[in-house]
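Sequential numbering from 0 applies to the sequence shown in numbering that gives the first Met the number 0.
To be clear, the hints were calculated from the coordinates, so they are not data collected in a lab. Bear in mind that the values here come from a model prediction, so they are computed numbers and not experimental data. Backbone N, C-alpha and C define an ideal beta-carbon position, used for all residues, glycine too. Check the hints yourself; a few may be wrong.
List time: in silico DSBU-like cross-link candidates among lysine-lysine, alpha-carbon distance up to 30 Å [unchecked claim]:
1) Lys338 - Lys72
2) Lys57 - Lys89
3) Lys57 - Lys160
4) Lys118 - Lys160
5) Lys57 - Lys118
6) Lys160 - Lys89
7) Lys72 - Lys57
8) Lys118 - Lys89
9) Lys338 - Lys57
10) Lys57 - Lys326
11) Lys72 - Lys89
12) Lys160 - Lys72
Label pairs and their in silico Cβ distance ranges [to be verified]:
13) Asp280 - Arg80: 42 to 50 Å
14) Lys338 - Lys118: 39 to 47 Å
15) Asp36 - Asp166: 37 to 45 Å
16) Pro185 - Ala282: 21 to 29 Å
17) Leu179 - Ser232: 41 to 49 Å
18) Lys338 - Glu134: 33 to 41 Å
19) Asp162 - Thr376: 29 to 37 Å
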Amino acid sequence: MTDSSTPSSGRLVAFVGSYASGPADGGGGITVVEVQDDGAALSVLSATSVPEEAGYLKYAPSTGTLYAVDERKTDGRGPVRAPASVRAFKVDQADGSLTRLNTLIAPAPFPTYLDFDEKRRALVCASHGSFDHVEQIVRTAEGWTVEYVYDDSAVLLYSVKPDGSLDVLRDVVVLAGHGLDPNDSPQAGGHGQASAHAHSAVIDPSARYVIVCDKGTDVISVFELSDTLTLVSEFAMRQQTGPRHLVFDTSGTHALLTCEFSSEVASLGFDPETGTFELIDSASSTADGFTGLNEPADLRLHPDGRFLYVNNRGEDSLAWFEIMPDKSLARRGHVALAKSLHPGLAARSFAFTPSADTVLIADRPAGLIRAYRVDRTTGALTELSELSLPDPAFIEFAELAS
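Make a model of the complete structure from these sequences and hints.
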């Protein structure tokens, strides 16, 4: 859908991915939203219906290309529906509208995270894998028994052509192992760590490494990024932590992490010379006194470097933490979001505008994009505006060139 507004130069747009498989009617695809007055006004410019499960987006300004996952499990060897994939779109620099470039398969269920290295033209993707298993009957020396085989989780490395279109799937790393099974989380009926589940693949500020957070094994893996991915180190978090998303500060030596199963935020030191992590501090992601189920999801470090923002699924909040001089974390406040039926249907993504004075969050249960003004002194958020969209899942900004 489009409106009749006249294109203007220097527009700021937000691409909003949504889920067709979600509880709201009309979800799926990517909506292009104009952001005016740094979030004081939001309006829809256009939309595309694909990918249907647009759970993660990444914009590459050098080529004006938007990359999107189609976050699903391919339904069989002769798929009836579209397979799990990564898609490339050319962004019109006048109005942000999207033109399909091409699509490559994602050979593991539920591609869920993207990051891009402009210099190498390398796109990395974390594929979470599903919780499904196959029960296989096998015969051993001791007699008949059963083995359980789970879907693979993987890290995918794509090369990108000069025009921004996807070139080839250059390398795949299949993750192995499992955590405590069953564990204490109700996710997947207690089997949320029965196999590996990569939830993010982050390129560090030096663009030398790809950091993979595996919530299924409680391990953060560091890979050297070149034409392939080479394992450098592994850092084991505490059992049942569930590392999900990670962000670096500008120094490249300090990282923050959401821990999905333990409902924590962790502060980590990183040595870029050796590619190794160490734990500095961890703190509950929820307010004192909260006792319900909570699974923190996305996190963003404000560009000033003083406050970390985390969205909680269960507490249903967008919370902020002050980063202390010793890199410990102190929770300073939160704004309430719409209540979710369970964490899997809660708000899961937010992003700062380029000015860093405003943050937009996809409040999925409410079917809203909410804009908040950021107080740089206290970290506090004040609501500015909202826009109704069905099943919003992810937000990515682009400053248009014309």
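Hints and how they fare:
The suggested pairing of lysine 338 with lysine 72 holds, with an alpha-carbon distance near 28 Å, which does not exceed 30 Å. Between lysine 57 and lysine 89 the CA atoms are separated by roughly 12 Å; this keeps the pair inside 30 Å, and the hint holds. About 16 Å separates the Cα atoms of lysine 57 and lysine 160, which keeps this hinted pair within 30 Å; it holds. For the hint linking lysine 118 to lysine 160, the alpha-carbon distance of about 12 Å falls within 30 Å, and the restraint holds.
Between lysine 57 and lysine 118 the CA atoms are separated by roughly 15 Å; this keeps the pair inside 30 Å, and the hint holds. Between lysine 160 and lysine 89, the direct Cα distance comes to roughly 13 Å. Compliance with the 30 Å bound is thereby established for this hinted pair. Taking the CA atoms of lysine 72 and lysine 57, the gap is near 21 Å; set against the 30 Å cutoff, the hint holds. For the given pair, lysine 118 sits about 19 Å from lysine 89 by alpha-carbon distance, which is consistent with the 30 Å threshold.
With a C-alpha separation of about 28 Å, the suggested pairing of lysine 338 with lysine 57 holds against the 30 Å cut-off. Between the alpha carbons of lysine 57 and lysine 326 the distance comes to roughly 28 Å, so the proposed pair stays at or under 30 Å and holds. Taking the CA atoms of lysine 72 and lysine 89, the gap is about 25 Å. The hint holds against a cut of 30 Å. Taken as a hint, the lysine 160 and lysine 72 pair is honoured in the structure, with Cα atoms around 27 Å apart against an allowance of 30 Å.
Separated by about 44 Å at the C-beta atoms, aspartate 280 and arginine 80 satisfy the suggested range of 42 to 50 Å. One distance hint, 39 to 47 Å for the beta-carbon pair lysine 338 and lysine 118, holds here, with the actual separation near 44 Å. Range check, aspartate 36 to aspartate 166: about 39 Å between beta-carbon atoms, so the 37 to 45 Å window is met. With their beta carbons about 23 Å apart, proline 185 and alanine 282 fall inside the hinted range of 21 to 29 Å.
Roughly 22 Å separates the CB atoms of leucine 179 and serine 232, a value that falls outside the hinted 41 to 49 Å. The supplied range of 33 to 41 Å is met by lysine 338 and glutamate 134, whose beta-carbon atoms lie about 37 Å from each other. Between aspartate 162 and threonine 376 the beta carbon distance is about 44 Å. The supplied range of 29 to 37 Å is therefore violated.
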